[in-house]
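So the protein sequences, as listed, match chains A and B. For what it's worth, our numbering labels the leading residue of the first sequence as 10, then goes sequentially. For what it's worth, our numbering labels the leading residue of the second sequence as 21, then goes sequentially.
Check before you lean on any hint, since a few could be wrong.
Claimed, not checked - In silico DSS-like cross-links for lysine-lysine, where the CA-CA straight-line distance does not exceed 25 Å:
(1) A:K32 / B:K161
(2) B:K519 / B:K538
(3) B:K79 / B:K399
(4) B:K285 / A:K87
(5) A:K147 / B:K399
(6) B:K306 / B:K447
(7) A:K120 / B:K190
(8) A:K147 / A:K190
(9) A:K190 / A:K158
(10) A:K147 / B:K406
(11) B:K486 / B:K519
(12) A:K122 / A:K161
(13) B:K191 / A:K32
(14) B:K191 / A:K87
(15) A:K266 / B:K497
(16) A:K158 / A:K147
(17) A:K120 / B:K191
(18) A:K266 / B:K508
(19) A:K266 / B:K447
Honestly, the hints are just simulated from the structure, not real lab data.
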Amino acid sequence: MSQIETFYDVMRRQGITRRSFMKYCSLTAAALGLGPAYVPKIAHAMETKPRTPVIWVHGLECTCCSESFIRSAHPLAKDVVLSMISLDYDDTLMAAAGHQAEAALEDTIEKYKGNYILAVEGNPPLNEDGMYCIVGGKPFVDQLRHAAKDAKAIISWGACASYGCVQAAAPNPTQATPVHKVITDKPIIKVPGCPPIAEVMTGVITYMLTFDRLPQLDRQGRPQMFYSQRIHDKCYRRPHFDAGQFVEAWDDENARKGYCLYKMGCKGPTTYNACSTVRWNEGVSFPIQSGHGCIGCSEDGFWDAGSFYDRVTDLTQFGVEANADRIGMATAGVVGAGVAAHAAASILVSAQRKAQSKKSQSEEA
Amino acid sequence: MTVTPNGFDLDNSGRRIVVDPVTRIEGHMRCEVNVDDEGVIRNAVSTGTMWRGLEVILKGRDPRDAWAFTERICGVCTGTHALTSVRAVEDALGITIPENANSIRNIMQLNLQIHDHIVHFYHLHALDWVNPVNALRADPKATSELQQTVGPNHPLSSPGYFRDVQNRLKKFVESGQLGLFKNGYWDNPAYLLPPEADLMATTHYLEALDLQKEIVKVHTIFGGKNPHPNWLVGGVPCPINMDGVGSVGAINMERLNMVSSIIDKCIEFNRNVYLPDVVAIGGFYKNWLYGGGLSGQAVLAYGDIPENPNDFSAEQLHLPRGAIINGNLEEVHDVDQRDPEQIQEFVDHSWYTYGEPGKGLHPWDGVTDPQYELGPNAKGTRTDIKELDEAAKYSWIKAPRWNGHAMEVGPLARYVVGYAKGHEDIKSQVEGLLRTMDLPVSALFSTLGRTAARALESEYCGRLQKHFFDKLVQTIKNGDSTTANIEKWDPSTWPKEAKGVGATEAPRGALGHWIKIKDGRIENYQCVVPTTWNGSPRDTAGNIGAFEASLMNTPMERPEEPVEILRTLHSFDPCLACSTHVMAPDGAEMARVKVR
Numbered sequence: 010m011s012q013i014e015t016f017y018d019v020m021r022r023q024g025i026t027r028r029s030f031m032k033y034c035s036l037t038a039a040a041l042g043l044g045p046a047y048v049p050k051i052a053h054a055m056e057t058k059p060r061t062p063v064i065w066v067h068g069l070e071c072t073c074c075s076e077s078f079i080r081s082a083h084p085l086a087k088d089v090v091l092s093m094i095s096l097d098y099d100d101t102l103m104a105a106a107g108h109q110a111e112a113a114l115e116d117t118i119e120k121y122k123g124n125y126i127l128a129v130e131g132n133p134p135l136n137e138d139g140m141y142c143i144v145g146g147k148p149f150v151d152q153l154r155h156a157a158k159d160a161k162a163i164i165s166w167g168a169c170a171s172y173g174c175v176q177a178a179a180p181n182p183t184q185a186t187p188v189h190k191v192i193t194d195k196p197i198i199k200v201p202g203c204p205p206i207a208e209v210m211t212g213v214i215t216y217m218l219t220f221d222r223l224p225q226l227d228r229q230g231r232p233q234m235f236y237s238q239r240i241h242d243k244c245y246r247r248p249h250f251d252a253g254q255f256v257e258a259w260d261d262e263n264a265r266k267g268y269c270l271y272k273m274g275c276k277g278p279t280t281y282n283a284c285s286t287v288r289w290n291e292g293v294s295f296p297i298q299s300g301h302g303c304i305g306c307s308e309d310g311f312w313d314a315g316s317f318y319d320r321v322t323d324l325t326q327f328g329v330e331a332n333a334d335r336i337g338m339a340t341a342g343v344v345g346a347g348v349a350a351h352a353a354a355s356i357l358v359s360a361q362r363k364a365q366s367k368k369s370q371s372e373e374a
Numbered sequence: 021m022t023v024t025p026n027g028f029d030l031d032n033s034g035r036r037i038v039v040d041p042v043t044r045i046e047g048h049m050r051c052e053v054n055v056d057d058e059g060v061i062r063n064a065v066s067t068g069t070m071w072r073g074l075e076v077i078l079k080g081r082d083p084r085d086a087w088a089f090t091e092r093i094c095g096v097c098t099g100t101h102a103l104t105s106v107r108a109v110e111d112a113l114g115i116t117i118p119e120n121a122n123s124i125r126n127i128m129q130l131n132l133q134i135h136d137h138i139v140h141f142y143h144l145h146a147l148d149w150v151n152p153v154n155a156l157r158a159d160p161k162a163t164s165e166l167q168q169t170v171g172p173n174h175p176l177s178s179p180g181y182f183r184d185v186q187n188r189l190k191k192f193v194e195s196g197q198l199g200l201f202k203n204g205y206w207d208n209p210a211y212l213l214p215p216e217a218d219l220m221a222t223t224h225y226l227e228a229l230d231l232q233k234e235i236v237k238v239h240t241i242f243g244g245k246n247p248h249p250n251w252l253v254g255g256v257p258c259p260i261n262m263d264g265v266g267s268v269g270a271i272n273m274e275r276l277n278m279v280s281s282i283i284d285k286c287i288e289f290n291r292n293v294y295l296p297d298v299v300a301i302g303g304f305y306k307n308w309l310y311g312g313g314l315s316g317q318a319v320l321a322y323g324d325i326p327e328n329p330n331d332f333s334a335e336q337l338h339l340p341r342g343a344i345i346n347g348n349l350e351e352v353h354d355v356d357q358r359d360p361e362q363i364q365e366f367v368d369h370s371w372y373t374y375g376e377p378g379k380g381l382h383p384w385d386g387v388t389d390p391q392y393e394l395g396p397n398a399k400g401t402r403t404d405i406k407e408l409d410e411a412a413k414y415s416w417i418k419a420p421r422w423n424g425h426a427m428e429v430g431p432l433a434r435y436v437v438g439y440a441k442g443h444e445d446i447k448s449q450v451e452g453l454l455r456t457m458d459l460p461v462s463a464l465f466s467t468l469g470r471t472a473a474r475a476l477e478s479e480y481c482g483r484l485q486k487h488f489f490d491k492l493v494q495t496i497k498n499g500d501s502t503t504a505n506i507e508k509w510d511p512s513t514w515p516k517e518a519k520g521v522g523a524t525e526a527p528r529g530a531l532g533h534w535i536k537i538k539d540g541r542i543e544n545y546q547c548v549v550p551t552t553w554n555g556s557p558r559d560t561a562g563n564i565g566a567f568e569a570s571l572m573n574t575p576m577e578r579p580e581e582p583v584e585i586l587r588t589l590h591s592f593d594p595c596l597a598c599s600t601h602v603m604a605p606d607g608a609e610m611a612r613v614k615v616r
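Only chain B is shown next, with the shape it has when bound in the complex (with noise of 0.2 Å):
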């Protein structure tokens, strides 16, 4: 038994339990633990299984280019490593960008967390507390009125309604063709919804499908399409032109009121049905309020949704920025991106060298040369790991840390962040949902406490969208119709040598770029995302990482089924692609294969 520097018991003499891949993520990723002979959970592994090299591949080029590189690291939170990406050599060269520039990039990163919010909520999450064979058992009566209850603004509540998508869904399980269903853990008791409750969430389920669809359409008219809209340096490319020649081909009138329908649908939706959803099946699993973590101890967000153009200050946003340490919610630390001490990365347990053990390194600095290889306690071969030996090298994710601390980011952190500041938006909603679900503030700090933080916080983005969509309209009103500032556009403006860093909330949590230019091209391009903090392997001290600290003494009911594994790390949206893209600066290319 070892106690980590952060506070945690790892035992790791329990029986091995491996989930490989774990599903309903992006991108790929393992997790490892050993629970005791009672089913808890007393030691956790978490493994990032892919690497692209995206930054290596970023040197030398454009940095004008390199929002559409940064952009296809996610393809879920898409949009979002392309205006940080922006925001990063506007930061650089010194670039300011328009009001109505600033509005429109609000409005598509709202737009994304919302989006993101629910897809996650819906698609990648329910499953973990919802079981859709259960729904076939409900009385389609009884789950009208439970409707009527939790979202009674909700049009699509009729026993009706929900009696042609339980025969749907019945005729879907009797083919015998489960498809995605297939192999679910639809009989273990960690499942806990009534069938009325899990037909209404399943319901949904099929109605934020349709739904999702239409709220990335601010992100088509804005940025031409979706996923992976299109970013400019210096604004946003698309021009307003409200009733000059050719307005029909620019952000007008028609455009503007198609943007504020989806914002009103956004706005309805995260109302009468993901909140409700979020407290009617939260009510049911009050009791199981493990998965907290690190989010009652240590947290980090960097803040974002800047109220007005190039001004980052942190009172300026409304997105909360700031660090807790230690648990002290009554102290709430700045956040300097620059500081080289702040933000560090390690590598001793991450498939990665620095040449010297021990090191952290500053993105700016940032050194990137990989390793793999598994420690002598693995089982199994290199190209067929059986179980990995957390004591050595064991993931494709690096050990980001703030000040020495493991941190968890995301909409939890950034609620904890905003409710130890007094954020009153913020404050107001935790309050609020805690008196309705009857939960001490204690609660928050869990599964359950990520997953309606999420939900809090897409119905928050909801109102912030219209905000910008207010105020873009009222700057077009007052005669400003300006998108893009172009006086630096041309790299003969720019200095010979400068460095920048740009910021965001992504879904998932704190985002940032740091960049090095070198005559007018790609000196160094560095990303630690969000999933690189969450999802962090061990650090040179032995401070376990925010998935690994969230499963700790979690029991499971049947530990070869992972439902409660998988319902913790989803807690957390994780984002694979995006967490484990470094590569070395020197841009070395390593031994080709042969295509066997």
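Isolated chain A (complex conformation) (with noise of 0.2 Å):
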């Protein structure tokens, strides 16, 4: 491994100066929510480690994950793709095709076995014997598994790696399948949301090879650090939420005064995602910021939980305290008492029964 290059020799040697890589440094431990005492170690981190080469493989999806990648701000993705990691195989982005692409894919695996990162866009189809995904005449699902083989770890990228997202939705024609129900023998980081923010998506790469570890994760296996708590915890309307202040009708007067989405079906309550806090492309604004409720694209499954307009009936609790793993593990028995002890009470059972009512109509669609 001796002939790849540290990050910092990388660097150095395509013109960046000692002071801006320290900046670097200090910026990748901002956007990690680290504190100042970690910059040197970062530095340390990076002026020893090589360069770590990463296959990025698509399967099912609309690769919207890569399209998010590139938008990343901190690092900027030029800087992730020419000095952070080796991008030795991503058929959105590569010069080859064909023979001399597949060629580029084994290369990696042979010469990094057991060393690279392996990325997955998109999941495997396995009706049709994997043949509704076809890369190089073969399914995908193969690919899949010969990559994986000699990854040291997969991150999962998005709600199709993570669960399935669009093409798995009832009834699932391709039975589109997540990653971690394909390969149970490696670790998988879960990154979903469709797509997952940008900053998120570079953080999780940045923090695995600044100190050489996977990150914290939660049970269901996502990143600690972004994911653990809910939209609506840190929701700039949540105020309104508290003081019972709804938007009524699209482009009312609640509307234009920024009043809480919640009775127009915004899953902000039930979707653990950092879009209230990193914000989209920048921080310019989320989905709520711009007037429409959360839809849910990180949370499992949410393409079948009912109408993205109807409201959410399966809070457990209000208080920014129940973290995902006791959510998760919640029963829906237990879904009356928590809402009703809540100060927005009287309105939020009405909204209930109503959501409710309404979704047992889309369920007999």
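Relying on the hints, combine the two individually framed chains into one complex.
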């Protein structure tokens, strides 16, 4: 492995000054929510660690994860690709095609056995012998298994790889299957969302490179640093929720005042993601800020949880102290009590009743 | 040797070349060609190699949710399916949208065109023309001079700037870890640029990568995120509140200023970098005018960007609508997506069955029953395909036809239609470009023409974006801040049964969604997307599709290195996730198999 340079070597050789390098390290620390004490640690890691090869494969998907990835502002996508990782195979961006592309894949697997990260965008369909997604004349699932075999770790980008996403919505005609149900003997980091936030994607990669370990994962396998709290917990419109001030119809006075979108079907109360804190596209906005409720795109099975405009009915409790694991373990039976105890109880209970009747309609349909 | 009804001589006797995966596209695609002894392509076979089944998933769901599902057809042309979907639902239910919603939707759609065209050119297509390894041999001073000649208004043009980029590139290459450039075709004689042009274009590859994340912030402001911003049946979800209580949470002056500054950035980049690059690179390839395919004979555009809300008449659309057949530019036919005879899809060479051969179906009555099988002359096995048999079924893409004709769609199709119709902006752009490059009109019908049309369109869309921004501001100034019409939001106000069609011009071409609604739920949903048109396999009559036609008769420098194939296929900006998602309307679930 000695022929592989460290990050620092590469950055310096690419004309980046020591000063810029340190600035980069402190930005990285900030992006990861770490204090200044971590800056020298990150700098040290980058000075001594080799560039990690990444193989990025694509199954059934829409490429929104790749598109999101290149939107990253800190670090910039170009710096990730030129200076931080070695993206040796990615059929969306690589120059080579066909045999030469396949050779690049084989070469990377062979040369970096056990030392490369496999990033998976999309998922394998298992019906029709896997031939609903063909790469190099063979089922994508074969490529996935082959590339996974010698990977150090796997990143499941987005809702497709993590949970199945839209092509796995009922009745899942192709039997689109999330990565962890096909690969069971490797560490898998799920980075859900449709797509995930750009800086969350690069944050996860940077964390792994910097600390040389997987991030702390929750029970579902998501990095705790980005997915441990609900959008609702940190939503800037939360005070309006607590005060019982809701948007009642699109573009009404309350919408213009920026009231809570709960009644318009916002899934913020049941969605674990960093949208209300990191926000999107360099912090410009996030769905709720732009007037539409959260559709819950980082949650397992969100496509089959009723209409995006149905009110959330499975609110377990409202305190910010609830974490993903506890919510995940809570059963449907305890739903009522937590809601009733809340300040906005009466509004919510009636809302809940309506939404439940709507939901049963949608189940019949 | 066979001659297709659309006039191509197919000869599959020569050596077969297989390219799978075709990279730098959205989704999964395979291409096979036969080359003769001179290395000239004499037969072309294009195959969509993925299938997701989204339409059956939509059945029984709330039509107001459909935009979010269909938006996930494609994350590259993100938003265009959502817009098409809300238009289809609004058409079915007779919902009109307010003026501001029309302006904001147009701004978002135009923003997508610009973003998509720039990312396509620099990050998916450029490496077919530009050799980043050759850029190492460039003289930074000469590169600076070149930059100042072709794009004198671009501020990043000093010799030092290019030297820095070259150094960064040099270290990258010297590290031995070539990453995305690994196994590229860097010594292939098909690359014609001098090192200085290679360095300039590679530098702009990096600049465009930085810029594209800025462009999409327009989507973030109006739709909350990008990729996959949020949309709304009846308008747009973002309220406008210029100076009332809570305006900091809505579209206000600060937000409008941000949109405006991004619009200006788009205009500047298009004028100072993108268009000049296309002219400069195109100048070195102006004798390589292959890849015309169907563009000179059969093109289709639905038109888009309505000046006024709820008016889709052809003369009110800024991007033109029309169909040209048999190469007759004198006659532009109007297009009616509702006419059951005009648009039909065929499946004789697709991995689906209609139960009887030779049948074509209009999308409102679309049926899709998958049938994966290889023809008798295919080589390999059903899970390890070596060579396909194009005489049988060979693609997950259907074959849509307009009045029986295979059509090309996309920026070049729009520009050919616009040129033929005498569209003022388009005509002056095209004539200006041809004059600058000293090329005849016929040069348009080529791979290079497709790539140039995209750049011209990006420039035009930049101006249109500004137009609709000004219109938005003017409407607000006049006292109208409405962004949504909720009269028919409640399903109880809907008719028992309804059907509608939504059409847009996606970056890649004409896009249509057809919906049938019954009892407040989706009864049937069909999409016919740009890459279904362009990437279509043969039809019953034997007409080849636009991708296939465009590859015909192209000489390859080295047949084992598919530079020319990639160059021409990429000029269409293929989007395979878009093209291959149709599914049986009966929704029958196929047999489950065990996870191995």
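Problem set entry | Violated constraints from the hint list, given by number and in increasing order | 1, 3, 11, 19
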